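Engineer: Once you have looked at the hints, place chain B on chain P.
2 protein chains.
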Amino acid sequence: MLQTLLNHKSIRKYKTNKIDDNTLNQILEAGSRASTTGNMQVYSIIVTKDNEIKNQLWEAHFKQDMVKQAPIILTFCADFNRFNKWCKLRNANPGYDNFLSFYTASIDALLAAQNVAVAAEDFKLGVCYLGTTTYMADKIKNILDLPENVVPVTTLVLGYPDEEPELTDRLPLKGIIHYEKYNNYSDEQINEIYAEKEDLESTKELLKINQKENLAQIFTDNRYTKKDNMLFSEMFLKHIENQLFMNNK
Amino acid sequence: MLQTLLNHKSIRKYKTNKIDDNTLNQILEAGSRASTTGNMQVYSIIVTKDNEIKNQLWEAHFKQDMVKQAPIILTFCADFNRFNKWCKLRNANPGYDNFLSFYTASIDALLAAQNVAVAAEDFKLGVCYLGTTTYMADKIKNILDLPENVVPVTTLVLGYPDEEPELTDRLPLKGIIHYEKYNNYSDEQINEIYAEKEDLESTKELLKINQKENLAQIFTDNRYTKKDNMLFSEMFLKHIENQLFMNNK
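As you go down the protein sequences, you meet chains P and B in turn.
Residues 828 to 1076, numbered by the working numbering, are exactly what the first sequence covers, in order.
Residues 828 to 1076, numbered by the working numbering, are exactly what the second sequence covers, in order.
If we strip away everything but chain P, and leave its shape as in the complex, we get (with noise of 0.2 Å):
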């Protein structure tokens, strides 16, 4: 078990084969076991596998390939509305149209779709997510025709690998854990921490095909820009409040 979580790593290329109903339903079985708030389970996991609807995904998702390649697109949601309709048929009053419902919706979403990445990933599947759901939530929502009250959060891309990629590096475990408190770091800290990272054959490619002087301006200057960061913040912003979720305002 353990050696799937330490084996993850994110497919980007697809073979066209179809998942199984059964093997599909055990995955998602998987994820409604995840811990939810209260046992309210609010989120809703939408299974996409229409050629048309996934090419408006794919439009959506930066015309990522692997949208259309793979087999099965999983857009999870966070999702009060299921409650609220409940809430209502019941005569109670919801009371879930502000901020900290949306992010509580939220995790309960976020934990089920990584239990569904685990235990796709368990049955020999790849995954990827796509962490352009929430730059283009508002197009998403009208592509699922997601009614208010929910929300977009992540997706994920569901099918079985073609291409064997290597784990990718991640930072040592002292530099992501901390002791007892947080405790701030110094700059040698930061550079011991980054050094693994920055030293990679990987790394030096990515520099010479970019033209910068190092790793950190590839992603402030290329990958996520403050610019993009501030478009997408509004847009994502004017999406959970149209969606219902700021009325706490």
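Don't read these hints as lab results, they were simulated from the structure.
Be aware that one or more of the hints could be misleading.
You can't tell identical chains apart in this list, so a pair holds if it fits in one copy or across any two.
Said to hold, decoys possible - Straight-line distance between alpha carbons at most 25 Å, and here's what the computed DMTMM-like set of lysine to aspartate or glutamate pairs gives:
(1) 915 to 1028
(2) 845 to 948
(3) 915 to 1048
(4) 966 to 1007
(5) 890 to 1048
(6) 1065 to 1025
(7) 1001 to 949
All of these numbers come straight from a predicted model, not from anything done at the bench.
Structural biologist: Chain B alone, transformed into the frame defined by chain P:
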């Protein structure tokens, strides 16, 4: 493996037995292998064993006894502090003081948390998530000395179980899964999805104790009230802003 996921139960009573460092390190290593946005690993995990600090955390987490009982408390934080320090040391200009970056870091922290939970259960340890983390984020910040650009998003209690609870009920899978697009619920479907939960002996017991007509009202009137949600929304948003993640506004 699948069995570990399917058999998850939150544990709320713990033996005082300590967890050896080798086991803990393997569990944390499994956490660090979870997917992370652009391999940035923008999260931190605080491992607290010290009784005095645990006492302070117990206060913050609504005095739930398991926080004192269990040998280890793991606080998962959205963390751009380390990454920002690295960028600045490398003459790169970080643009991560915004809501999208906070949410991205939250996803990283939560996927790592679920890997830790699964790995711990595979070692026959018990875990329980504490939803009180977001309610009391500012208090937890003070206890754990969290710097700017760090926000606690969830907590796992970790230890050897001193109880053997039954599996908790879940909604039928069809209640949380949608095929192709979101299929909004009819009243009839809502009744069907919640029927089993409403019919449990434990639910009937709860209604007697709480003197309520139905389970939904226990959620809206007792457990997760609009008043609390509004208050905690304001407090959490203020905390996120104070931790410098809302400079997009």
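Engineer: Compare the structure with each hint and give your call.
Structural biologist: So, going through the hints one by one against the coordinates:
| no. | hint | verdict |
| --- | --- | --- |
| 1 | 915 to 1028 | between (58 Å within a copy, 23 Å between copies) |
| 2 | 845 to 948 | within (15 Å within a copy, 31 Å between copies) |
| 3 | 915 to 1048 | between (49 Å within a copy, 13 Å between copies) |
| 4 | 966 to 1007 | between (43 Å within a copy, 15 Å between copies) |
| 5 | 890 to 1048 | within (21 Å within a copy, 46 Å between copies) |
| 6 | 1065 to 1025 | neither (37 Å within a copy, 36 Å between copies) |
| 7 | 1001 to 949 | between (28 Å within a copy, 23 Å between copies) |
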